[in-house]
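Note that the protein sequences, when read in sequence, are chains A and B. Positions 1 to 334 (my numbering) are the ones given, in order, by the first sequence. Positions 1 to 279 (my numbering) are the ones given, in order, by the second sequence.
Please note that the accuracy of each hint is not assured.
[Unchecked claim] If you want the ones that stay clear, here's a sample from chain A, every Cβ over 10 angstroms from chain B, calculated:
no.	residue
1	S43
2	M57
3	R84
4	A103
5	A111
6	A123
7	G135
8	R240
9	Q257
10	F297
11	Q301
[What the hints assert, rightly or not] Okay, derived cross-link-like pairs now, DMTMM-like style, lysine to aspartate or glutamate, Cα gap no bigger than 25 angstroms in a straight line:
no.	chain 1	residue 1	chain 2	residue 2
12	A	K39	B	E221
13	A	K8	B	D104
14	A	K8	B	D112
15	A	K59	A	E42
16	A	K39	A	E60
Don't read these hints as lab results, they were simulated from the structure. Computed from a predicted model, the values in this text were never measured in an experiment. For each residue, glycine too, the CB sits at the ideal point set by N, CA and C.
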Amino acid sequence: MQLLYIVKRFGVFLIIIWLAATLNFFLPKLSGQDPVRTKLLESAALGGYVHAGIEDMVKEYQQKFGLDKPLWRQYLNYVSDVSRGDLNYSIANYPRTVAGMIADALPWTIALLGLTTLFSFAAGTVLGALLAWPGAPRWMRWLMPPLWALHAIPFFLLGLVLMYLFAFQFQWLPIFGGYSAGANPALDWTFALDVLRHAVLPALSIVLVSVGGWALAMRGMMVTTMGEDYVTFAEAKGLRSATIFSRYCIRNAILPQVTGLALALGQILSGAVLVEVIFGYPGIGALLFQAIEENDFFLIQGIVFTVIVALGFATFVLDVIYPWLDPRISYRRA
Amino acid sequence: MLGYLHRNVSLMVGVVLLGILVVFMAVGALTVDTSNAQPLSVPTLLPPSWDYPFGTDRQGRDLLAVMVAGTPLTLWIGFVAGFIGVGVGAVLGFTAAYYGRVVDTLIRSIADIGLTVPGLLVLIIIAVSLKGSLTVNQMAIVVASLAWLNPTRTIRSQVLTLRERGYVEIARLNGMRGPEIIFRELMPNLLPYLAATLVSSVSAAILASIGLEVLGLGPVEAPTLGMTLYWVFFNAAIINGWWWWWAAPLVVIVMVFLGLFFLTVGLDEIANPRLRRAA
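Can you make the complete structure from the sequences, with help from the hints?
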């Protein structure tokens with residue numbers, strides 16, 4: 001049963017990958033845009049070349065890229081390329097491959113987003129649990145309204161304010177980039193510290209906004225759980241209140257939180273893209289922005305595909321962890 | 001009504017915040033010349049003064065006029081996309097939950113898979129695939145194309161809990177047909193909940209539209225809030241210390257989101273009386 005569950009979840013993951021590839025292939029076709037022609041005309045206009053012969057070039061390139069073949073053939077080629085991790089060349093930075101550019105940017109995003117998401121999820125969940133608990137210190141109640149208010153605004157707007165205050169006005173922290181210009185990217189303490197200093201503001205803008213959301217959701221779940229009969233029964237049995245809190249309430253209330261995390265990953269990522277853009281953080285989001293600015297269609301497609309696959313994988317991992325948190329899952333029909 | 005607002009603080013805060021915005025838009029529309037929201041109509045880069053209370057930007061827009069003209073545009077995008085989203089979501093959610101079986105499995109799987117995908121990125125692909133710059137209404141449609149996923153999921157789960165109630169059972173025994181039960185028995189009971197879903201969908205749609213606009217994929221000609229922020233980043237207004245340029249859209253956007261957020265919380269409290277005890 002356990003194995004069947006994992007296989008099923010993996011199937012969903014594969015479907016997500018296939019959908020992403022298909023969407024990526026067909027959406028641009030629907031619009032009838034021709035990236036090769038657009039780009040050639042663009043460079044011709046920039047360089048002031050004559051347009052004669054450009055149609056021949058378009059034809060030549062289309063043959064080279066297989067764009068003259070029937071649509072189903074192109075689709076099969078695309079899917080087989082993608083499944084081998086070949087995401088084509090970048091149009092704007094030609095000799096570089098899309099996969100290579102993404103591989104450079106991905107670690108930055110994974111580090112920034114992974115750490116901030118895990119931290120705000122853990123902190124928010126604990127905070128929310130304490131907020132619902134009658135035995136919690138009174139001052140904690142005052143934390144709630146500001147966290148709620150912060151939760152309602154987008155990551156990047158808070159980032160904007162933080163950037164203005166701490167990077168422009170007080171100049172405590174760097175305003176732009178992932179490391180100082182001219183810094184030597186080596187594995188030593190100076191560089192690590194430099195990277196860390198650059199990551200503080202982007203990370204803060206994600207954490208401060210997210211914590212409130214997780215706390216809010218957890219508090220709601222705790223209130224519902226604390227009204228359940230088994231909690232009343234545990235109290236009647238005379239269990240210690242700490243035991244009831246951690247083993248009865250949190251244990252049950254945390255399950256929807258984890259489901260929520262799986263569902264929120266996409267939203268968090270969407271928000272983080274904009275944070276990276278405004279801070280010029282060298283991750284996937286900034287790369288995507290650059291690709292949009294340069295009209296680099298293959299790069300945009302590659303990034304969207306990679307991100308969907310990465311998030312699909314993260315969801316798959318959460319799905320696999322879930323039965324361990326909630327043993328009922330594994331023997332119920334999943 | 002007023003007495004209830006006193007007890008439901010969240011609802012009151014939401015209504016007041018959005019009310020201020022509505023008054024601002026209404027008074028602004030009557031008193032401010034919105035043609036100054038176009039570039040090259042006023043002197044550039046003036047900090048707030050008596051003549052230009054919100055200052056002017058580098059391309060010669062009067063930021064007060066931009067806010068007066070742009071706030072309704074942004075809200076319009078949000079409302080159109082939010083309404084379409086909840087409309088489609090309600091139809092799918094009710095159908096899935098009421099009829100169950102294959103229909104349910106299909107609709108639920110699509111919504112679940114769709115939700116794991118980062119919406120903004122799919123919207124980016126759509127926006128990039130469309131030729132040329134979008135108009136405000138096209139923008140709303142683009143955002144609406146994913147706005148039904150969340151409502152579908154949440155409405156479905158709410159209907160599931162209602163479906164087995166006694167009065168639905170009785171209606172069924174009395175020979176009511178599926179659509180009739182959905183509209184006459186289930187829908188009225190879910191109205192407050194649908195309202196809360198609508199408000200949060202509008203908020204999500206506004207967020208998505210601002211995201212697209214900040215990335216430069218919005219309606220370039222229109223002075224929406226998101227496009228204003230795009231020009232802020234485009235001209236590096238923060239590093240140059242032109243704080244008034246981003247302060248105005250920032251305050252308006254924060255008010256929109258806070259207002260909608262507290263409205264959702266307040267409506268949730270009506271829809272789900274259990275929450276009242278917790279407050």
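Checklist entry - Hint by hint, which ones does this structure get wrong, listed from lowest number up? => result The structure conflicts with hints 10 and 11, although it agrees with all the remaining ones.
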